[in-house]
Amino acid sequence: MANYENAIEIKNLTKKYDGFTLDNVSFSVPKGTIMGFIGQNGAGKTTTIRSLLNIIKTDGGTITMLGLDHIKNEYEIKEQIAAVFDELPFHESFNANQINVMFSGLYGNWNDEKYFEYLDRFALPRKKKLKQFSKGMKMKLQIATALSHGAKLLIMDEATTGLDPVVRNEILDIFREYLQDENNSILMSSHITSDLEKIADCVTFIDKGKILLTGYKDEILESHGLLKCTKADFKEIAAEDFISARINDFGAEVMVADVNMAKKKYSGATIDKTNLEEIMLFYVNRDKKEWT
Amino acid sequence: MKKGSFKGLLCREFYLIKPSIPEMLIGTLSMTVLSVLVVLSFRFGNLALIEELKFEDFAEGIKLFPVLGAAMFSLSAADATVRDISPVWERFRKTTPVSAMRLALAKYAAITIVIAASVFLSFGTLLMMCAVVGTPVTAGDIALTLAVIAFCVLYVVSGQLLITYFRHRDKGMLATMVVLMGMLVMIFTLTDSFSKEGRNTEEVNAFVLEVKNALVDVAPIMVLVIIVLICGGCYATAMLYKRREK
Numbered sequence: 001m002a003n004y005e006n007a008i009e010i011k012n013l014t015k016k017y018d019g020f021t022l023d024n025v026s027f028s029v030p031k032g033t034i035m036g037f038i039g040q041n042g043a044g045k046t047t048t049i050r051s052l053l054n055i056i057k058t059d060g061g062t063i064t065m066l067g068l069d070h071i072k073n074e075y076e077i078k079e080q081i082a083a084v085f086d087e088l089p090f091h092e093s094f095n096a097n098q099i100n101v102m103f104s105g106l107y108g109n110w111n112d113e114k115y116f117e118y119l120d121r122f123a124l125p126r127k128k129k130l131k132q133f134s135k136g137m138k139m140k141l142q143i144a145t146a147l148s149h150g151a152k153l154l155i156m157d158e159a160t161t162g163l164d165p166v167v168r169n170e171i172l173d174i175f176r177e178y179l180q181d182e183n184n185s186i187l188m189s190s191h192i193t194s195d196l197e198k199i200a201d202c203v204t205f206i207d208k209g210k211i212l213l214t215g216y217k218d219e220i221l222e223s224h225g226l227l228k229c230t231k232a233d234f235k236e237i238a239a240e241d242f243i244s245a246r247i248n249d250f251g252a253e254v255m256v257a258d259v260n261m262a263k264k265k266y267s268g269a270t271i272d273k274t275n276l277e278e279i280m281l282f283y284v285n286r287d288k289k290e291w292t
Numbered sequence: 001m002k003k004g005s006f007k008g009l010l011c012r013e014f015y016l017i018k019p020s021i022p023e024m025l026i027g028t029l030s031m032t033v034l035s036v037l038v039v040l041s042f043r044f045g046n047l048a049l050i051e052e053l054k055f056e057d058f059a060e061g062i063k064l065f066p067v068l069g070a071a072m073f074s075l076s077a078a079d080a081t082v083r084d085i086s087p088v089w090e091r092f093r094k095t096t097p098v099s100a101m102r103l104a105l106a107k108y109a110a111i112t113i114v115i116a117a118s119v120f121l122s123f124g125t126l127l128m129m130c131a132v133v134g135t136p137v138t139a140g141d142i143a144l145t146l147a148v149i150a151f152c153v154l155y156v157v158s159g160q161l162l163i164t165y166f167r168h169r170d171k172g173m174l175a176t177m178v179v180l181m182g183m184l185v186m187i188f189t190l191t192d193s194f195s196k197e198g199r200n201t202e203e204v205n206a207f208v209l210e211v212k213n214a215l216v217d218v219a220p221i222m223v224l225v226i227i228v229l230i231c232g233g234c235y236a237t238a239m240l241y242k243r244r245e246k
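Protein chains in written order, with the working numbering: chain A, 1 to 292; chain B, 1 to 246.
Among these hints, one or two may not hold up.
The calculated EDC-like cross-link candidates involving lysine to aspartate or glutamate, where the alpha carbons are at most 20 Å apart (straight line), are [claimed, not checked]:
{"#": "1", "chain 1": "B", "residue 1": "LYS246", "chain 2": "A", "residue 2": "GLU74"}
{"#": "2", "chain 1": "A", "residue 1": "LYS131", "chain 2": "B", "residue 2": "ASP84"}
{"#": "3", "chain 1": "A", "residue 1": "LYS57", "chain 2": "B", "residue 2": "GLU90"}
{"#": "4", "chain 1": "B", "residue 1": "LYS246", "chain 2": "A", "residue 2": "ASP18"}
{"#": "5", "chain 1": "B", "residue 1": "LYS3", "chain 2": "A", "residue 2": "ASP18"}
Derived list of chain B stretches under chain A, where covered just means 3 residues or more per stretch with a C-beta under 8 Å from a C-beta of chain A [stated by the list, open to error]:
{"#": "6", "segment": "9-21"}
{"#": "7", "segment": "88-96"}
Since the hints were derived computationally from the structure, they do not count as laboratory data. Idealized CB from N, CA, C, for every residue including glycine.
Chain A with its partners taken away, still in its complex shape:
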């Protein structure tokens, strides 16, 4: 098996569609971490994931997964990864027992004991047809299959979307457990930033096909801040010192990417801590600069 530092390394990935371009996307997921891949609907998250999985043909760039080239070593990589989508990919007439038989055909290192352990743990019935499963049960079943063939990398595309908070938390706990093995990594795309705030080690933020931010979550949260000031004071702030500003009747909230610089330069202003959702919101409105 290849030695690698990053579970995923994407360099200058480009994919052109009519009206949308994935533009020189580059980021990496360090081994043993969970990367939150955030962005609005249509920002390019799914296109990036499909490129990673070689589901779509790319127009440029290189991708390595688990230290291997994603095209040359496609099958070797796919034996060691698992993808989880927002919808169950199995026919609804199947049951969990049949899924077990089917997966023994899909993966050489399928572990049915582990799979049944997960079924018991998630209280999933073995003989009930999938059409009778709730959305949460379907997602747990997908996760059970993803974790039962020794995958070193989980790729989740909007997998927690539409689930209630209790199920989402249960799933996040499973991921924490999975990451206790430091060889395992997760790439988790979502627009539910609160989940990623809880669990992610790193965050990559994509918007309109471009990567705006990528790095360790704590560093991003520490470097960004929400500067609050009056409308008059806002006019004194240089445009290059902030991402964008939300103007309301009471004044302005200004997102700064360098809190230390802002504290020195605008010493009278209050700078609050921020969260991923607000960072995302202010970055999305960066072109307008000022918005309400």
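Based on the hints, put chain B in the right spot on chain A.
Chain B alone, transformed into the frame defined by chain A:
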């Protein structure tokens, strides 16, 4: 790299076929029972009382009717294709280490088993109907049964390929109907089967016998056609599975 078991992939195909099997078997059984009842009625029942109706004029048609039903058992494989087509499964399949050829082989192994079962059922039904009607099994009977099976195989394979090509159930089925109708029209035009005017019910026997005689010569070719369809379908499916999304 250790591969997954072929049995697992084959089982998946049968899980997709399974829901259609009871209805196909009920259909075959119903057609057989109905035909046997018609024969009994001609012998001992109400149909025997109608002087204008002669059993001999309908014997060939009655014999053929349940054989058609048994041959159509193979269409359960086409139902499985309809169930299998799903964009989410298509996407998921590409995240697994199974090659396109292995998946296609599993699918066509399942189709071949269903077709073999259909052949067994068809010839079994033919033997039974010949015994009920009281005629020996002729080369024409065998040729006609083979022709019906070949047509069903053509339906299954073209349906499977076109649905996979369009990645859409309705578009695929529509295209399949167009292809099959086109082929039927072509066959009937080339064989000049519509040239005789004024066919009526009394000529059912004559028509079936005419078709049987014509088919006897091409029966060995039909076996070849079935084999080519299955092998070609498998290869073409693997090629279609290799396609990537845009």
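(message) Hint check: B/LYS3 vs A/ASP18, CA-CA at most 20 Å. Holds or violated?
(response) violated, 39 Å
(message) Run the distance test for B/LYS246 versus A/ASP18: straight-line Cα separation, threshold 20 Å.
(response) holds, 11 Å
(request) Check whether three or more residues of the segment 9-21 of chain B sit with their beta carbon closer than 8 Å to a beta carbon of chain A. (result) holds (count 8)
(message) So if I understand the rule, the pair passes when the alpha-carbon distance is 20 Å or less; does A/LYS57 with B/GLU90 pass?
(response) holds, 15 Å
(request) Starting from A/LYS131, check that the Cα of B/ASP84 is at most 20 Å away, please. (result) holds, 15 Å
(message) Please verify the coverage claim for the segment 88-96 of chain B: does it have three or more residues whose C-beta sits within 8 Å of some C-beta in chain A?
(response) holds (count 8)
(message) Between the alpha carbons of B/LYS246 and A/GLU74, is the straight-line distance 20 Å or under?
(response) holds, 18 Å
Checked against the numbered hints above, the structure violates only hint 5.
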